[in-house]
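Undergrad: So the protein lines, in turn, are chains A and B.
Counting in the working numbering, the first sequence runs from 5 upward without gaps.
Counting in the working numbering, the second sequence runs from 87 upward without gaps.
No lab work stands behind these hints: they were computed from the structure.
The reader is advised that the hints may include incorrect statements.
Claimed, not checked - Label-pair distances were calculated between CB atoms; the ranges are:
| hint | chain 1 | residue 1 | chain 2 | residue 2 | range |
| --- | --- | --- | --- | --- | --- |
| 1 | B | Leu481 | A | Asn102 | 39 to 45 Å |
| 2 | A | Met143 | B | Asn345 | 42 to 48 Å |
| 3 | A | Lys310 | B | Glu593 | 34 to 40 Å |
| 4 | A | Lys61 | B | Arg314 | 55 to 61 Å |
| 5 | B | Lys247 | A | Pro131 | 57 to 63 Å |
| 6 | B | Ala95 | A | Ala321 | 43 to 49 Å |
Claimed, not checked - Residues from chain B that face chain A, not an exhaustive set, calculated with beta carbons under 8 Å:
| hint | residue |
| --- | --- |
| 7 | Ile188 |
| 8 | Lys261 |
| 9 | Pro263 |
| 10 | Ala274 |
| 11 | Gly445 |
| 12 | Ala492 |
| 13 | Val502 |
| 14 | Leu516 |
| 15 | Gly519 |
| 16 | Val520 |
| 17 | Val522 |
| 18 | Lys523 |
| 19 | Gly555 |
| 20 | Ile559 |
| 21 | Leu598 |
| 22 | Leu600 |
As the list claims (entries may be wrong) - Once the Cα atoms are required to be at most 25 Å apart in a straight line, the calculated DSS-like pairs of lysine-lysine come out as:
| hint | chain 1 | residue 1 | chain 2 | residue 2 |
| --- | --- | --- | --- | --- |
| 23 | B | Lys531 | A | Lys309 |
| 24 | B | Lys605 | A | Lys239 |
| 25 | A | Lys140 | B | Lys250 |
| 26 | B | Lys261 | A | Lys90 |
| 27 | B | Lys560 | A | Lys267 |
| 28 | B | Lys319 | A | Lys105 |
| 29 | A | Lys105 | B | Lys120 |
| 30 | A | Lys293 | A | Lys267 |
| 31 | B | Lys271 | B | Lys120 |
| 32 | A | Lys101 | B | Lys330 |
| 33 | B | Lys225 | B | Lys330 |
| 34 | B | Lys531 | A | Lys101 |
| 35 | B | Lys271 | B | Lys171 |
| 36 | A | Lys132 | B | Lys247 |
| 37 | A | Lys239 | B | Lys247 |
| 38 | A | Lys61 | B | Lys196 |
| 39 | A | Lys12 | A | Lys293 |
| 40 | B | Lys250 | A | Lys239 |
Cβ atoms here follow ideal geometry from the backbone N, Cα and C, with glycine treated the same way.
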Amino acid sequence: MEFFRTDKIYDFMGKAKYFMTLSLILVLASWALLFFKGLNFGIDFAGGTIVQVRYDKPVDLPKIRAALKRSEVFKDASVTLFGSDKEIVIRIKSSSKNLKKDIGDEARAALAGTGHFEVRRVDMVGPKVGGELREKGLMAMVIAILGILIYVSIRFEWRFALASVLALVHDVSIAMGAIALFDVPVNLDILAAILTILGYSLNDTIIVFDRIREGIIESTKLRSLDEVINESITKTLSRTTLTSLTTFFVVLTLYLFGGEIIKGFSFTLLIGIIVGTYSSIFIASPLLKILGFNLEEYRKKLAEKKRRQAEKERMRAMYEQGMV
Amino acid sequence: MRWLNWRLALFILVFITGVALSLPSLLNLKEGPKITLGLDLQGGLHMLLGVDTKAAIHSKIKSIASSIKYYAEQNDILIDDLRVKQNEVSFKLLDPDDAKKIEEFLDKEKGLKVEKIGEEYHISLTPKAIEEVKQYAIKQAVDTIRNRLDQFGLAEPTVAKQGKDKILVELPGIKTPQEEQRVRKLIAKAAHLQLMAVDEARQARVDQMTPEEAAQYGDVILKDRHGRKYLVKEIPILDGSMIKDARVAFDRNNQPVINFTLNSEGARIFGDFTAKNVGKRLAVILDNTIYSAPVIRERIGGGSGQISGGFSLEEAHDVAIALRSGALLAPVYMEEKRSIGPSLGADSIRQSMIALISGFVLVVIFMAIYYGIAGIIADIALIANLFLILGVMALFGATLTLPGMAGIVLTVGMAVDANVIINERIRELLREGVSVKKAIEQGYKNAMSAILDANITTLIAAIVLYAYGTGPIKGFAITMSIGILASMLTAIVGTHGIYEALLPKIEKSKNLNLWFGIKV
């Protein structure tokens, strides 16, 4: 089976301005969302408490809310169904330092009389730990991006590196915009998902760039950068689509069957895979051109490198034969 | 055996090792290396505790006061107005001639800052000593909590210092809320045993006295369990640090009590005190509550005592553990808590297994349809990859968490990537009319740099995640990293070996649609 006809080169660069415009709109819209609506930080970063409770019958939410209103600790709690009509999650912004009578005990006391229930999960993060996790999370993002930037710079020319990082910023911005739009609580698992998107999207971009570099080195007849890019993207198109599809499949099953706890994580990945695939095909390479990548100069540089390499080998051969 | 080549041999070896190492975990065998399930999958209690180091400093100040008082009594130095504040002790000498003696004593004690304002001495801790007290309090809390949990008899408790000033406690063995609450109480129990003298001269007026007035006499007001007030000397005769052992026993009414034994120094102090104070009362105080205040009838030698009063057997058992493992120098409090019921963990395992299996089946079928036999070869590599991830995790005793399961699911999708790249390259060459043998060789060669770059960048993200993540997230980084590394072996070396072995058959059949899913 084959998805794409191989005898045709698609003209990606000719349509680049439409895709760039679309992306620019999406990124700006995401930034606006992040700025005006903001992220819904979960307890890992903001501190607070989550109590997950399962009842043996479908729950009576008003009754539970009324019961919680009477409790000092839970009077401002938000209560929502969680996954099924028998399970709820109670969220409050505060936490408690007390070990002897902790917030789980308080919850059991407050819910007494609302039916037969089991407290299945209590997550509590104090303000100090929340602050530390926030700091660490930010550090992780920065270091991951720096590490990737350094690696790509070593492997490719700097414009490749910059273009791929800009594509990453594009992907992460849109993914975070979606998180803000759908009010997904941002916890450590979302951070993990975003870092995975970083790695994944870069993965796609690099494979296209690798092909562009190969196209530049191998093409004997003089072709424009547009032609090289179009051919490279076309040749990697079925690979990009296929890998994205298989990854999309598994993340979708994770989203559908993996349970409520990792819904946010798999949702972020789903968005990331779609955006990452799109940007590798339509955004990263045009960026290369916008950044002023010059085919002629690059060719000269490569030729120079090759010449020096050959020279070195000639010298070595002469040395080994005892000529010097 | 002409079909066997080194790549295939290595692949088969890796495959078998992977299966062998993962079987104990999959079949839940008793023997062999096993994957540890994280708290989020097996249920349990995770806590990050903070230590109230201010309290440790205050209690250090108090113990300095005790030792000054003891030294003064031993050497017939009369001191007046001995006061303990948050961070300092102050006192005056009645006889200025004693100044030299007491100053010599204070000089010998390390880490003290001594100031003399007029006739009054002010003693506090140097900044270095304060830091030492803090560090010691944290270390002591870690040791004490570990000791208590070891004695409590839960399976595999983890107690470790985390960061600069926190204590990580992980208890996978907790199954019920009641058990959890009991353990939390045991951890939090200060277990601060004090024996204090009742101020008999003023005890009669205790109900009218304010704490400030009591402080003027160097006394404090404490209550017993029924709310009755006692006026006791603030500086204790001795405390729990001199306890050698504590055991649960039963009194005449068959009520649980705790018998404790003091070490030799404690026994001597206790003996001296009881000899001098016959007829007066001695209060037994645990965590600022008076448990009993019996009248001293005669000198008590041998250094043993009893705490009695309305314990349940469970409480008595826990108090005895706490006394044996020592008091907490500073109170601990909760900074972070994650508790997961066993039923939720089981649900998470079931749900992520369903996701893993359905994702896996989708990918396997898709690859077979799209690439024909080349797809099936990639599928074999994928299966080997899964076993290898589990096997390596079992070998190193790594912990599998819920995000870790997600990482495995994700690996299923991403591990076939290498094969997709390779297969696309081979197809490209075949279309150009290259022979099968050459297409395979060249295809692997052309795909290599892209595969390496792609995997290394993902690995960078995973390593950063491991370094900065906590608990469950680390599990995600672990399974991702192992999955990526394993895919290098299975998807690149392994499939290459299989192609080499099958090459004569492919060349003979010439049906490229069957083998590679393309029509040329």
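Undergrad: Each hint needs a verdict: does it hold in this structure or not?
TA: A quick look at each hint next to the structure:
no. : hint                              : verdict
1   : B/Leu481 <-> A/Asn102: 39 to 45 Å : 42 Å, holds
2   : A/Met143 <-> B/Asn345: 42 to 48 Å : 53 Å, violated
3   : A/Lys310 <-> B/Glu593: 34 to 40 Å : 35 Å, holds
4   : A/Lys61 <-> B/Arg314: 55 to 61 Å  : 48 Å, violated
5   : B/Lys247 <-> A/Pro131: 57 to 63 Å : 21 Å, violated
6   : B/Ala95 <-> A/Ala321: 43 to 49 Å  : 36 Å, violated
7   : Ile188                            : 41 Å, violated
8   : Lys261                            : 12 Å, violated
9   : Pro263                            : 6 Å, holds
10  : Ala274                            : 4 Å, holds
11  : Gly445                            : 3 Å, holds
12  : Ala492                            : 6 Å, holds
13  : Val502                            : 5 Å, holds
14  : Leu516                            : 11 Å, violated
15  : Gly519                            : 13 Å, violated
16  : Val520                            : 14 Å, violated
17  : Val522                            : 18 Å, violated
18  : Lys523                            : 22 Å, violated
19  : Gly555                            : 7 Å, holds
20  : Ile559                            : 5 Å, holds
21  : Leu598                            : 12 Å, violated
22  : Leu600                            : 12 Å, violated
23  : B/Lys531 <-> A/Lys309             : 22 Å, holds
24  : B/Lys605 <-> A/Lys239             : 17 Å, holds
25  : A/Lys140 <-> B/Lys250             : 15 Å, holds
26  : B/Lys261 <-> A/Lys90              : 21 Å, holds
27  : B/Lys560 <-> A/Lys267             : 19 Å, holds
28  : B/Lys319 <-> A/Lys105             : 31 Å, violated
29  : A/Lys105 <-> B/Lys120             : 36 Å, violated
30  : A/Lys293 <-> A/Lys267             : 38 Å, violated
31  : B/Lys271 <-> B/Lys120             : 32 Å, violated
32  : A/Lys101 <-> B/Lys330             : 32 Å, violated
33  : B/Lys225 <-> B/Lys330             : 20 Å, holds
34  : B/Lys531 <-> A/Lys101             : 59 Å, violated
35  : B/Lys271 <-> B/Lys171             : 29 Å, violated
36  : A/Lys132 <-> B/Lys247             : 16 Å, holds
37  : A/Lys239 <-> B/Lys247             : 54 Å, violated
38  : A/Lys61 <-> B/Lys196              : 65 Å, violated
39  : A/Lys12 <-> A/Lys293              : 22 Å, holds
40  : B/Lys250 <-> A/Lys239             : 53 Å, violated
The structure fails hints 2, 4, 5, 6, 7, 8, 14, 15, 16, 17, 18, 21, 22, 28, 29, 30, 31, 32, 34, 35, 37, 38, 40 (numbered hints given earlier, in ascending order).
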